[in-house]
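S.K.: Sequences and hints are given; from them, build the entire structure.
So you can see what is in the structure, the chains are spelled out below.
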Amino acid sequence: MKFTLSWLKDHLDTAASLDEIVETLTRIGLEVEGVEDKAKSLAPYKVAYVISAEQHPNADRLRVCMVDTGEGAPIQVVCGAPNARTGMKSVFAPPGTYIPGKNITLGVGTIRGVESKGMLCSAAELEISDDHDGIIDLPADAPVGEAYAAYAKLDDPVIEINLTPNRPDCTSIYGIARDLAAAGLGTLKAEPIAPIRGTGPTPVSVTLDFSADDRKLCPFFGLRLVRGIKNGPSPDWMQRRLLAIGLRPINALVDITNYLTFDRGRPLHVFDARKVKGHLTVRRAKEGEEVLALDGRTYKLDSANVVIADDNGVESIGGIMGGEHSGCDENTTDVLIESALWDPLNIAQTGRKLGIITDARYRFERGVDPAFTLPGLDLATHMVLQLCGGEACEAMVAGQAPDPRRTITFPWSEVPRLSGLDVKPAEARQILEKLGFQVEGEGDAVSVVPPSWRPDIEGKADLVEEVIRIAGLDRIAPQPLPRLEAAVAKPILTLIQKRTILARRALAVRGLVEAVTWSFIGKGEAELFGGGDGSLALANPIAADLSDMRPSLLPGLLKAAQRNADRGFGDVALFEIGQTFASDAPEGQAVKAAAVRRGTARAEGIGRHWNGGATSVDVFDAKADAMALLSALGIPAGGLQVVPGGPSWFHPGRSGTLQFGPKNIVGVFGEIHPKILKALDLKGPLAAFELNLNVLPPPKAKATKMKAKLTLPDFQPISRDFAFVVGRDVAAGDIVKSAQAAERQLITGVNVFDIYEGPGIDGDKKSVAIAVTLQPTEKTLTDSEIEAISAKIIAEVGKKTGAVLRS
Amino acid sequence: MTDLNELERDLLSQVEAAGDEAAVEVVRVAALGKKGSVSDLLKTLGTMTPEERKERGPLINGLRDRVQSAIAARKDVLAEAALDARLVAERVDVTLPVQESPEARGRIHPISQVIEELTAIFADMGFSVAEGPDIETDYLNFTALNFPVGHPAREMHDTFFLAPDENGERKVLRTHTSPVQIRTMTSQKPPIRVIIPGRTYRHDSDQTHTPMFHQVEGLVIDRQANIAHMKWILEEFCKAFFEVEQVKMRFRPSFFPFTEPSAEVDIQCSRKGGEIRFGEGEDWLEILGCGMVHPNVLRNCGLDPDEYQGFAWGMGIDRIAMLKYGMPDLRPFFEADVRWLNHYGFRPLDIPSLVSGLTS
Numbered sequence: 001m002k003f004t005l006s007w008l009k010d011h012l013d014t015a016a017s018l019d020e021i022v023e024t025l026t027r028i029g030l031e032v033e034g035v036e037d038k039a040k041s042l043a044p045y046k047v048a049y050v051i052s053a054e055q056h057p058n059a060d061r062l063r064v065c066m067v068d069t070g071e072g073a074p075i076q077v078v079c080g081a082p083n084a085r086t087g088m089k090s091v092f093a094p095p096g097t098y099i100p101g102k103n104i105t106l107g108v109g110t111i112r113g114v115e116s117k118g119m120l121c122s123a124a125e126l127e128i129s130d131d132h133d134g135i136i137d138l139p140a141d142a143p144v145g146e147a148y149a150a151y152a153k154l155d156d157p158v159i160e161i162n163l164t165p166n167r168p169d170c171t172s173i174y175g176i177a178r179d180l181a182a183a184g185l186g187t188l189k190a191e192p193i194a195p196i197r198g199t200g201p202t203p204v205s206v207t208l209d210f211s212a213d214d215r216k217l218c219p220f221f222g223l224r225l226v227r228g229i230k231n232g233p234s235p236d237w238m239q240r241r242l243l244a245i246g247l248r249p250i251n252a253l254v255d256i257t258n259y260l261t262f263d264r265g266r267p268l269h270v271f272d273a274r275k276v277k278g279h280l281t282v283r284r285a286k287e288g289e290e291v292l293a294l295d296g297r298t299y300k301l302d303s304a305n306v307v308i309a310d311d312n313g314v315e316s317i318g319g320i321m322g323g324e325h326s327g328c329d330e331n332t333t334d335v336l337i338e339s340a341l342w343d344p345l346n347i348a349q350t351g352r353k354l355g356i357i358t359d360a361r362y363r364f365e366r367g368v369d370p371a372f373t374l375p376g377l378d379l380a381t382h383m384v385l386q387l388c389g390g391e392a393c394e395a396m397v398a399g400q401a402p403d404p405r406r407t408i409t410f411p412w413s414e415v416p417r418l419s420g421l422d423v424k425p426a427e428a429r430q431i432l433e434k435l436g437f438q439v440e441g442e443g444d445a446v447s448v449v450p451p452s453w454r455p456d457i458e459g460k461a462d463l464v465e466e467v468i469r470i471a472g473l474d475r476i477a478p479q480p481l482p483r484l485e486a487a488v489a490k491p492i493l494t495l496i497q498k499r500t501i502l503a504r505r506a507l508a509v510r511g512l513v514e515a516v517t518w519s520f521i522g523k524g525e526a527e528l529f530g531g532g533d534g535s536l537a538l539a540n541p542i543a544a545d546l547s548d549m550r551p552s553l554l555p556g557l558l559k560a561a562q563r564n565a566d567r568g569f570g571d572v573a574l575f576e577i578g579q580t581f582a583s584d585a586p587e588g589q590a591v592k593a594a595a596v597r598r599g600t601a602r603a604e605g606i607g608r609h610w611n612g613g614a615t616s617v618d619v620f621d622a623k624a625d626a627m628a629l630l631s632a633l634g635i636p637a638g639g640l641q642v643v644p645g646g647p648s649w650f651h652p653g654r655s656g657t658l659q660f661g662p663k664n665i666v667g668v669f670g671e672i673h674p675k676i677l678k679a680l681d682l683k684g685p686l687a688a689f690e691l692n693l694n695v696l697p698p699p700k701a702k703a704t705k706m707k708a709k710l711t712l713p714d715f716q717p718i719s720r721d722f723a724f725v726v727g728r729d730v731a732a733g734d735i736v737k738s739a740q741a742a743e744r745q746l747i748t749g750v751n752v753f754d755i756y757e758g759p760g761i762d763g764d765k766k767s768v769a770i771a772v773t774l775q776p777t778e779k780t781l782t783d784s785e786i787e788a789i790s791a792k793i794i795a796e797v798g799k800k801t802g803a804v805l806r807s
Numbered sequence: 001m002t003d004l005n006e007l008e009r010d011l012l013s014q015v016e017a018a019g020d021e022a023a024v025e026v027v028r029v030a031a032l033g034k035k036g037s038v039s040d041l042l043k044t045l046g047t048m049t050p051e052e053r054k055e056r057g058p059l060i061n062g063l064r065d066r067v068q069s070a071i072a073a074r075k076d077v078l079a080e081a082a083l084d085a086r087l088v089a090e091r092v093d094v095t096l097p098v099q100e101s102p103e104a105r106g107r108i109h110p111i112s113q114v115i116e117e118l119t120a121i122f123a124d125m126g127f128s129v130a131e132g133p134d135i136e137t138d139y140l141n142f143t144a145l146n147f148p149v150g151h152p153a154r155e156m157h158d159t160f161f162l163a164p165d166e167n168g169e170r171k172v173l174r175t176h177t178s179p180v181q182i183r184t185m186t187s188q189k190p191p192i193r194v195i196i197p198g199r200t201y202r203h204d205s206d207q208t209h210t211p212m213f214h215q216v217e218g219l220v221i222d223r224q225a226n227i228a229h230m231k232w233i234l235e236e237f238c239k240a241f242f243e244v245e246q247v248k249m250r251f252r253p254s255f256f257p258f259t260e261p262s263a264e265v266d267i268q269c270s271r272k273g274g275e276i277r278f279g280e281g282e283d284w285l286e287i288l289g290c291g292m293v294h295p296n297v298l299r300n301c302g303l304d305p306d307e308y309q310g311f312a313w314g315m316g317i318d319r320i321a322m323l324k325y326g327m328p329d330l331r332p333f334f335e336a337d338v339r340w341l342n343h344y345g346f347r348p349l350d351i352p353s354l355v356s357g358l359t360s
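These protein sequence lines are chains A and B, in that order. Going by the working numbering, the first residue of the first sequence is number 1, and it counts up by one from there. Going by the working numbering, the first residue of the second sequence is number 1, and it counts up by one from there.
Because the hints were derived from the structure by calculation, they are not lab data. Glycine included, C-beta positions come from ideal geometry on N, C-alpha and C. Be a bit skeptical, because a hint or two may be false.
Said to hold, decoys possible - From chain B, some residues computed to sit far from chain A (all C-beta separations above 10 Å): (1) Ala18; (2) Ala22; (3) Gly33; (4) Lys75; (5) Gln99; (6) Ser262.
As the list claims (entries may be wrong) - Think about it this way: if two alpha-carbon atoms lie no more than 20 Å apart in a straight line, the pair counts; the simulated SDA-like pairs of lysine to any residue are: (7) A:Lys353 / B:Met156; (8) A:Lys2 / A:Leu18; (9) A:Lys216 / B:Lys189; (10) A:Lys498 / B:Gly126; (11) B:Lys189 / A:Leu484; (12) B:Lys189 / A:Pro482; (13) B:Lys239 / A:Gln479; (14) A:Lys353 / B:Glu155; (15) A:Lys353 / B:Asn146.
M.R.: Below is the structure:
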């Protein structure tokens with residue numbers, strides 16, 4: 001919403017400075033976006049007289065001008081404008097002036113050997129119009145030496161406010177003045193609008209053709225004919241104001257409607273009465289009906305749109321834009337002025353659907369003051385009579401203005417209760433009354449009737465806002481929020497929140513870099529990773545590759561790794577902890593942790609190293625990350641099963657599933673399947689894991705924080721090595737498990753320290769060497785006891801896996 | 001006498017001449033071994049008369065002692081020399097680089113770090129952390145929050161929608177963390193003090209907007225929480241978060257459907273050479289929106305607005321991270337470029353805490 005200072009002062013009697021006004025507007029919730037003060041920005045530009053304009057000695061297109069600037073000796077200026085001539089008056093800028101249209105600061109220059117000490121300017125260079133055909137050509141009586149902005153009456157500062165959608169009353173300069181007056185910045189000039197005494201009725205009738213349910217679409221319609229007018233250009237003062245706020249003057253009738261739209265927040269429409277055929281009907285548009293609107297475009301309408309039609313068809317899209325056919329031009333002699341009320345919701349929907357943004361729509365979709373419908377028509381009529389002459393008829397009125405009157409019982413104590421500021425009732429009452437509220441009654445609680453122009457006021461909280469925004473939010477002193485209990489703060493994080501934070505640190509400590517990738521991925525990617533269900537597809541994705549809620553963090557991370565590789569950083573280790581989606585229900589959302597290692601980005605080190613290295617990442621790097629994370633989260637490894645193989649996006653022979661029983665899968669790890677690499681255009685090696693933090697077992701509840709009693713055996717542990725020959729497809733994990741099972745009490749550790757396949761071992765076999773740690777607790781083991789345990793281990797492993805001791 | 005002196009001179013010179021421990025051992029065996037020259041002399045003591053023994057004993061024993069200690073001393077010298085030689089041989093080039101440790105390579109994303117900072121600050125003020133789903137119902141995202149029917153935020157060009165279900169209802173990707181306010185107020189009784197960090201989505205993508213971003217919301221509901229308390233909370237938060245002694249804040253009346261009264265908050269700052277400093281300067285920077293929870297929202301949660309009251313605020317996590325740590329652009333937050341992450345990310349053990357300071 002834009003307006004000029006002088007326009008504001010039409011309605012506000014104030015001695016306040018521009019700065020005070022701007023500051024107050026922001027303070028009361030009418031945030032100032034910008035102030036354009038041409039008196040300031042164009043201060044150096046002066047009216048000047050061109051004493052002579054001679055041909056430049058060295059350039060055909062340049063002229064050397066001697067310029068009288070009103071002070072001191074004439075100044076020599078080289079000018080390239082075709083219209084520069086002796087005896088003209090124009091606008092001069094001295095060296096040091098900033099030229100907005102060229103974004104330069106003038107210096108003294110020498111142009112083709114001739115010194116130039118300033119510039120004669122075009123309108124485009126001053127950014128006051130697009131005219132850059134030549135320098136500004138001023139009338140002969142322009143006073144030399146006067147500031148150009150003041151001479152051209154461009155010195156009226158333009159203020160733009162960022163209006164919140166709840167304040168339709170401030171789509172009007174009058175309304176803004178009212179707010180400022182309430183804030184103590186002057187007096188509102190409230191001049192009553194004299195009713196129009198028309199001669200005879202308006203001969204065109206209006207029918208509001210709606211069902212009872214639809215009556216709200218246009219509940220009230222006022223129309224008046226003014227005969228015998230002359231529709232020329234509007235006066236300069238009106239044109240200047242319209243131009244200042246960015247509107248193009250058209251003709252007096254149209255300009256009056258635009259002027260009152262801003263001045264009073266009352267959009268109007270004018271029909272050329274002689275182009276209207278028959279009577280007017282306001283109705284829903286018929287399917288497929290078309291109208292050529294005033295913007296020169298043809299709109300195809302449907303029954304969701306409301307139109308004003310006559311015997312010719314649609315003449316106007318109600319409340320949004322008039323039609324070209326019945327528009328007013330310089331030949332208009334009889335005008336029908338329309339002042340109507342439209343349904344905010346319907347206006348918004350129609351405007352959005354047709355893609356029309358107008359000042360009328362802007363106001364009607366926020367809510368126009370219903371009580372000002374006929375006064376607005378009268379005010380417009382006065383202006384038409386004043387600027388265009390003619391004779392007005394009585395208004396023709398259809399429907400009824402809705403009465404929005406409502407009463408709010410308002411205890412004054414609400415203000416301190418919600419705001420913490422003790423505004424006294426007298427002050428609060430004054431604020432409300434100045435804003436146009438009726439305050440009835442005395443005592444602790446009063447009855448407040450909001451004015452017709454404030455549809456946003458529903459209840460007590462709204463009245464509190466009115467009082468404190470005018471009284472000043474800055475008057476509220478911060479006050480400590482008391483603690484709920486006088487106690488040491490208790491832990492606040494939930495288990496999943498704690499685990500998320502811990503997981504993040506645990507993965508970063510392993511050299512992984514945390515990424516945050518989009519929650520949505522392409523449909524194809526989602527399908528490759530077990531997702532792609534229609535219920536998780538966006539109806540309106542912002543891009544085709546951001547269309548589906550991700551089933552897994554891996555696609556995003558894998559693609560991110562590839563992007564880094566494409567930039568020359570192939571050895572990347574990324575992780576993400578974030579949400580994935582199995583369904584659109586809250587329970588379908590899970591917190592997962594996933595990591596991707598690419599190239600040689602192993603935890604131990606990256607790339608080539610003098611001490612060895614440059615080993616490619618593989619399934620064991622991914623497994624190590626997953627196991628480290630489980631360990632950091634305190635998940636007991638006891639019940640954890642590592643099952644060979646994983647989902648389809650992993651290499652079937654180089655992946656594993658982590659589970660606590662077949663029904664409780666917590667994660668997967670492995671090398672990415674070559675088909676996935678191909679489908680996503682990725683280059684490996686790529687190893688990854690993904691764990692679902694939501695399904696990890698919770699810690700066991702314990703009565704105390706005591707740790708289990710520590711018993712240290714008095715006897716040294718001993719270690720025995722066994723080399724087994726087994727079939728190649730026997731899992732090392734099974735050998736470890738069966739060795740452990742041979743003597744549960746004594747065996748405290750089993751470690752695989754060598755795997756060998758090759759000469760000396762049959763082609764379909766491998767050698768697996770394990771070290772078994774025995775921890776005696778009662779007495780030192782004798783050689784024969786150790787022999788017996790060894791035999792049990794060999795027998796147990798042999799029985800479970802078919803292994804024989806390597807000879 | 002002469003033979004003893006001669007023997008001693010001879011033996012000591014042999015010890016001195018021994019070049020290594022083995023040579024010293026040869027001398028020792030020749031002198032002090034079972035058949036050694038000094039041992040032979042000692043054996044003669046048994047055959048002597050007491051008088052002879054009294055005279056010769058000390059001389060022979062003295063010879064033995066001096067030879068013994070000369071051998072021991074020579075052995076020490078040789079051992080020392082041998083160690084020196086070994087140490088020289090074992091020397092390595094310690095300027096060779098070691099592998100960079102994983103702790104030095106890992107990084108925490110600024111968004112995660114800032115969420116942990118926020119959590120630390122608000123936990124100290126008695127707030128817990130509430131969360132909710134990213135896929136929300138239209139009711140919780142809009143209706144319960146007092147968004148009127150036909151509000152522009154409910155349109156396809158502002159909000160991401162999923163496909164309609166069998167009842168024709170479309171879920172949305174939450175456009176703000178505010179639906180969690182409703183979830184909180186309908187699942188727990190006042191007093192309520194929560195912050196709600198999380199991912200949010202809007203149908204917007206340009207230089208300064210991304211379709212996904214992060215917000216943190218705060219909610220306080222009890223029987224007396226008012227704007228004065230809200231101002232205190234927000235000022236204390238800003239001081240703690242930006243780690244400055246003072247901040248100057250400006251509360252401007254504004255409008256949100258779910259609060260009444262509402263305000264936007266600017267924070268005063270200076271901008272010099274691309275650096276933003278808080279607690280000084282003349283510029284104002286918008287940082288958050290806030291207000292008293294709208295009576296309709298309280299009613300929608302089954303709370304009587306004449307009995308309960310409170311305030312809420314919301315701000316962009318990405319935005320306050322940019323303001324504090326100086327990232328110029330939002331888009332790289334979600335591009336996973338390791339150069340950006342290495343530079344703006346945090347070290348694995350930079351754990352924000354009020355005890356040791358939010359940043360190291």
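S.K.: When you check the alpha-carbon spacing of B:Lys189 and A:Pro482, does it fall within 20 Å?
M.R.: 18 Å, holds
S.K.: Holds or violated: A:Lys498 with B:Gly126, Cα cutoff 20 Å?
M.R.: 17 Å, holds
S.K.: Between the alpha carbons of A:Lys353 and B:Glu155, is the straight-line distance 20 Å or under?
M.R.: Distance of about 11 Å is within 20 Å: holds.
S.K.: Does B:Lys75 clear chain A by more than 10 Å, comparing its Cβ with all Cβ atoms of that chain?
M.R.: 35 Å, holds
S.K.: Within a Cα-Cα threshold of 20 Å, do A:Lys353 and B:Met156 meet the stated pairing?
M.R.: 12 Å, holds
S.K.: Could you let me know if the closest chain A CB is still more than 10 Å away from the CB of B:Ala18?
M.R.: At about 42 Å from chain A, B:Ala18 clears the 10 Å cut-off, so the statement holds.
S.K.: Taking 10 Å as the cut and beta carbons as the points, is B:Gly33 off the interface with chain A?
M.R.: For B:Gly33, whose nearest Cβ neighbour in chain A is about 40 Å away, the distance exceeds 10 Å, so it holds.
S.K.: Given the hinted pair B:Lys189 and A:Leu484, is their alpha-carbon gap at most 20 Å?
M.R.: The hint holds at about 14 Å.
S.K.: Checking the smallest CB distance to chain A, is B:Gln99 really beyond 10 Å?
M.R.: 3 Å, violated
S.K.: Can you confirm whether the C-alpha distance between A:Lys2 and A:Leu18 stays at or below 20 Å?
M.R.: 15 Å, holds
S.K.: Between B:Lys239 and A:Gln479, does the CA-CA distance stay at or below 20 Å?
M.R.: 15 Å, holds
S.K.: Hinted pair, alpha-carbon criterion (20 Å max): A:Lys353, B:Asn146. Please report holds or violated.
M.R.: 24 Å, violated
Against the hints set out earlier in the document, violations occur for numbers 5, 6, 9 and 15.
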